[in-house]
Every structure is written in C-alpha cells, then in structure tokens.
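S.K.: What follows is the residue order along each chain.
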Amino acid sequence: MSSAPLLEVVDLRVEFETESGPVTAVDGVSFVVDDGSVLGIVGESGSGKSVTMMSVMGLITDPNARITGSIQYRGQDLLALDRDGWRGIRGAEIAMIFQDPMTSMNPVYRVGWQIAEQINAHTSLSRKDVRVRVLELMQQVGIPDAEQRIDDFPHQFSGGQRQRLMIAMALSCRPRLLIADEPTTALDVTIQAQILELIQTLAAETEASVVLITHDLGVVAEMADTVQVMYDGRIVESGTTATIFNDPRHPYTWGLLGSMPRVDRPRPERLTTIPGAPPSPHDRQPGCVFAPRCAHHQPACDVSPPLTERTGDGHLDACILPLDEREPLRAAVISPTGAEHER
Amino acid sequence: MIAFALRRIASMIVVLFALSVIVFLIFFATPGIDPARQMAGRNATPETLAAIRSNFGLDRPLPVQYLTMMDRIVVKRDIESYSNRGVQVIPQIIAAAPVTFSLVFGAAVIWIFASISIGLLAASLRGTIWDPLLMGVSLIGVALPVFWLGEVANLVTQQRFHDTFLFSWVPPLGYVPLTEDPIGWFTHLVIPWLVLSVLFVGFYARVLRSDIVNSENEDYVRTARSKGISERRVLIRHQLRTSMITFVSLFGLDFAALVAGGALLVEVVFGLPGVGRLTYLSLAGLDLPVIMTTVLYGAFFIVVASAIVDILYAFLDPRTRTA
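Same order as they appear, the protein sequences are chains A and B. Residues in the first sequence are numbered consecutively from 1, following the numbering used here. Residues in the second sequence are numbered consecutively from 1, following the numbering used here.
A hint or two may mislead.
To be verified - Some chain B residues near chain A, calculated using beta-carbon distances under 10 Å:
no. : residue
1   : 224
2   : 230
3   : 245
4   : 317
5   : 319
6   : 321
In short, the hints are calculated from the structure, not lab data. Think of the CB as a built atom: it goes at the ideal place given N, C-alpha and C, for glycine as much as any other residue.
Make the full structure from the sequences, and use the hints.
M.R.: This is the structure:
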C-alpha cells in the first residue's frame with residue numbers, strides 16, 4: 001500500500017464554455033480525503049460543491065466542460081482515465097448517492113436487477129450468488145420483506161425506501177469512498193435522520209470514507225469529521241468540524257452559522273441573513289469571491305486572499321482580516337448582543 | 001386482464017359502428033355523390049337511373065339501406081360489388097390481405113432495424129459531423145413523396161438499368177404468393193419494401209435519436225454511468241430501452257394504418273393487388289360495398305393494433321401497469 005491519501009484534489013478547475021463566454025463552476029479547489037473519514041462540503045446552490053464531486057466520479061459528460069488540475073485516487077490520476085479506465089473506479093472504488101431518489105433509478109427495471117447490474121459489472125459471481133448478495137444488501141439497508149420486494153419496480157417504493165435502495169446499490173461493491181450528494185434534500189424531515197444514520201453506520205462498517213455534500217449545517221455537525229465551506233466555486237474555509245462550529249473564521253461561515261437556528265444558544269430575536277444574492281458565475285471578479293456581500297469588505301479584498309492556515313491546526317480560511325480583530329465582528333453575527341430573547 | 005379485453009372489445013364495437021355510419025352517410029347521404037349515376041355512366045336517361053336505383057335498393061330509406069348493407073357485410077358476408085355484379089367483396093379482401101401483409105411486414109422489419117441503427121449511431125456520434133449528416137439524410141427520407149420514389153425506383157430497376165447486372169434480377173411488377181414461390185415473393189417485394197420503409201426509417205430514426213439525446217440528462221442515466229458499466233451498456237440497456245417506449249407506441253399505430261390500407265400508393269405504383277389498391281379502385285369507381293368493407297376491415301386492424309400497443313406499453317413501462 002502506498003502512503004498516498006485516498007483522494008487528493010489539487011487546484012481543480014471546472015469551466016463550461018457557454019454562448020455568453022466561459023463560466024467557472026469550480027475555481028481552484030484543493031482538498032484531501034483520508035481513509036475512514038467523513039468530509040462535509042457545505043455551500044449554497046451553485047457554489048460548485050456538486051460539480052466538484054461529479055468531477056471526481058467522471059460524471060461531467062458535457063462536451064463543453066473543461067476540467068483542469070489534478071484528482072488523485074490512491075495516487076492514480078483520475079483525470080487521465082479514458083472511458084474504460086473509469087469503469088474500474090466508478091461503482092467499485094468510488095460510489096455516489098444522488099439527491100433525488102425518485103428519478104435516480106431507471107423506471108423500467110426491477111430494483112433487484114438494477115443493484116445486480118452494478119455487482120455484475122465488478123465481480124464474476126454466479127447469478128444465484130448475486131441475488132443472494134442483493135437480498136443481503138436490501139436487508140442491510142432496512143427494506144422490509146426484501147425477498148418479496150426484490151422484483152418490484154422503483155415506482156412501487158417510497159422516496160425513503162428508494163434512497164435506501166440507492167445506498168444498497170452504492171455500497172454493493174464495497175467502495176472505499178462514498179459520495180453522498182444532498183442525499184436527504186428530497187426526503188421528508190422524519191426520514192432524513194434515518195437515511196443519514198444509515199449512511200453513517202454502513203460507511204463505518206465497511207470502513208469507507210464519505211464525502212457528504214449538503215447545505216444543511218446540522219447534518220454536517222452530526223456526521224462530518226472535517227468540513228469545508230464553499231462559496232462561488234472556491235473553498236473559503238476548511239477545518240475540523242469542531243473548529244468550524246466553535247471558531248468559524250470566515251465572514252461567510254459566520255453568516256451561514258448565524259442564519260441557522262440553534263437550540264444550544266440563547267435564542268436571538270431574529271436570525272441573521274447574508275445580504276445580497278449569490279453572484280452569477282458569469283461576472284466573476286478578481287479578489288475575494290464573498291467580498292461583494294461581506295460587511296467587512298476592504299479595498300485589499302479585491303486581491304484574492306489565498307486559503308491560509310493561521311494557527312497550525314489545519315484550520316484554513318480565505319479572509320484577510322487579522323485574526324484578533326475577528327472575534328467581536330463574529331459575535332455580532334452569530335449571537336448578536338442585546339438581541340437575545342428576554343421576556 | 002379479462003376486464004381489459006372486454007373493455008377493448010366494447011370500445012372496438014363502438015368505434016366500428018361509428019365509423020361505418022359516418023362512411024355510409026358520406027357516400028349515401030352527401031348531396032352530389034350518387035352511386036347510381038356513377039354506375040350508369042355518362043348521359044344516362046332518368047329511366048336507367050331509376051332502374052339502377054331500384055335494382056340496387058338505393059331508393060329505399062337510408063336506415064334500411066344501412067342495415068341491409070351491414071347485414072350483408074358482417075352477418076351474411078355475401079355483399080357484392082356494384083361495379084362488377086356477382087363478384088363478392090369479402091373474398092376479394094381475403095385475397096388482397098396477404099399481399100398487403102407481405103408488403104407491410106417486410107417494410108416494418110427494414111424500418112425497425114434501420115431506424116434503430118441510425119438513431120443509435122447518430123446519438124452516439126453526437127458532437128461529430130456524422131450526427132447532423134445522418135439526421136439530414138433522414139429528413140430527406142421523410143420528405144420524399146412515396147409515389148414519386150416508387151416511380152423512380154421503377155424507372156431505374158424496370159427500365160433504365162434493368163439490363164445491367166445490378167437490376168437484372170428484378171422481376172416485372174406484381175405479386176407472387178410466398179407459399180407458391182418464396183424467392184419470387186422476395187424479389188417482387190424487396191423494392192416496394194425499401195420504398196415504403198424510407199419515410200418511416202427517416203422519421204423513426206429522428207424520433208429515437210432525440211429521445212436518446214434527451215435521456216442523457218436523466219438522473220437514472222447518471223446513476224447507470226456511476227455504476228461502472230460500459231458506455232455501450234448505458235446507451236443500449238438504459239437510454240435506448242427507455243426511448244423504445246415512444247418508438248413502440250408510434251410503431252403499432254403506423255403499422256396498423258399501413259395494414260389497413262395506408263400502403264395504397266406503394267401498392268398502386270408497384271401493381272401489388274393489396275387492400276390499399278382495392279380501396280383505391282373502389283373509390284375511383286364509387287363502389288360503395290367495397291369502400292364500406294375495406295373501411296371496416298381497416299378500422300378493425302387499427303383498433304386491434306391500438307389494443308396491442310396498450311398491452312405492450314404496459315410491458316415496456318411498468319409505471320403504467322395497474323394492480
């Protein structure tokens with residue numbers, strides 16, 4: 001075994017050529033996923049978090065896309081793979097769960113067949129053994145009466161059950177890395193926790209690493225070991241979950257945390273909002289991507305601040321504010337003094 | 001399943017009844033259309049017309065005429081042609097049906113294979129020059145009038161180049177039954193098959209290609225790709241399979257319409273004595289019993305085909321199956 005990390009992404013850039021010029025969806029993103037870890041990627045819609053991980057799966061098929069940088073899986077350069085090379089990675093080494101379980105399965109095939117298709121692609125088990133494995137997987141993800149339901153069609157299952165089936169499919173070949181792209185966004189709140197717990201348990205059992213893409217900070221706090229916050233195609237802050245939640249350093253992260261209701265803090269009169277709207281990737285300006293919406297914007301922000309480690313604990317942020325000046329600014333956003341609920 | 005069949009049969013009876021009434025009214029009750037005048041020829045005397053009318057029962061009330069005709073078509077099956085007295089219509093149709101079936105069946109085989117191949121090829125070659133090229137050729141195929149194409153094919157294979165090695169095997173126009181001479185059956189029909197299928201190959205290839213290209217954005221295609229199966233398998237087992245739903249429902253109805261007489265132009269151009277040609281001749285001579293019978297025959301096939309399409313549809317798309 002080499003000492004290369006499970007997944008190492010360096011300076012990943014994804015550009016789409018459009019009629020109105022090139023659009024940069026991912027702008028120089030670098031990160032590492034270690035064996036057995038859970039990485040949470042947080043950001044709003046359009047921040048590039050899905051595109052980043054779709055690139056890792058080689059699922060960006062748009063002929064107008066241009067992907068540069070490097071994506072190494074156990075030291076193997078994924079961007080250099082051809083169509084056939086991807087087949088050994090997808091499903092076997094890296095698997096993915098998608099956002100909408102209602103449309104993620106082919107409506108015309110039985111669910112057992114669809115799970116078996118993936119197993120058949122990577123193993124040479126006999127028909128009977130594959131079926132046994134599919135049943136085992138369905139039971140593992142908590143489908144009741146798996147024997148009866150293995151030959152049902154996707155539309156005969158509820159949304160939560162379909163997501164369970166997608167998890168069964170993703171884990172069928174014991175991948176080392178599981179990418180979950182907003183796996184609970186399309187589900188009922190009551191089902192969300194069950195699905196997340198299932199992902200967590202099964203990933204732990206198979207010792208798979210997980211990259212969890214979400215815009216739900218609660219989910220990240222619950223599951224992730226490390227967190228990276230993305231905004232407009234860049235990582236603006238990353239670190240361990242504890243440091244991100246206890247000592248957030250980037251004003252965008254403050255905004256995200258401040259806009260989230262918390263039960264462990266005094267309840268503010270009203271939640272803070274981040275003024276403005278996410279920028280259009282068409283008119284990207286040099287400098288800090290968050291500057292146009294940042295309350296602490298200074299002229300120096302127009303030169304892009306690099307993602308910098310300031311305290312030697314792996315906590316990176318891309319903000320030029322001096323570290324010691326940030327505390328009071330942050331307090332104003334996350335727990336506004338005087339705005340506490342007192343009656 | 002039984003309920004489905006019963007519903008289908010009931011709706012078939014209703015459709016056939018309504019169609020027969022409409023066709024009957026068009027030819028018997030529309031002012032200016034007079035079968036007696038047609039049969040009597042030009043400059044017939046009023047006496048001749050009256051004689052023909054009473055002879056053929058055209059002077060009786062319309063409902064009686066309708067019922068008599070339907071009785072002779074459906075129950076007694078001994079209805080006779082107006083133009084050729086004494087010639088029964090039903091045996092004529094029974095003799096013509098195998099010709100039409102042979103023509104349409106062969107063309108259908110060609111159009112299924114060719115359109116799926118072209119559609120798949122164009123979809124998988126998207127982004128290269130071949131895709132628009134194939135689609136352009138298909139569009140030309142759709143745009144060519146079938147009677148013109150048929151005449152050109154005849155001109156080339158029967159006259160201009162008939163004596164060259166390319167087309168010397170082409171027999172004269174006409175039809176040879178499969179049971180009598182299988183090779184003759186094939187050589188007589190292969191040019192009509194190709195001519196008839198050109199329009200459908202072009203149309204179906206275009207529909208299929210656009211369905212496949214659209215399915216590229218479907219989530220289940222992304223899922224299929226993420227499983228690590230080959231691109232070829234993604235294309236054929238996932239994209240093509242779901243695109244076949246539209247293809248098959250279109251096919252069922254087109255096939256039925258052709259069997260019902262829609263291949264008329266090709267039959268006439270190639271001198272094939274099929275149902276379409278029979279309809280054409282009966283229309284030209286206002287031979288009402290034949291028109292009525294061929295219309296009912298055609299309607300029957302279309303209704304049956306749409307029932308088959310519905311069953312196939314449930315088979316192809318499990319979501320439409322009800323418990």
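S.K.: Checking each numbered hint in turn, tell me which of them this model violates, lowest number first.
M.R.: Failing hints: none at all.
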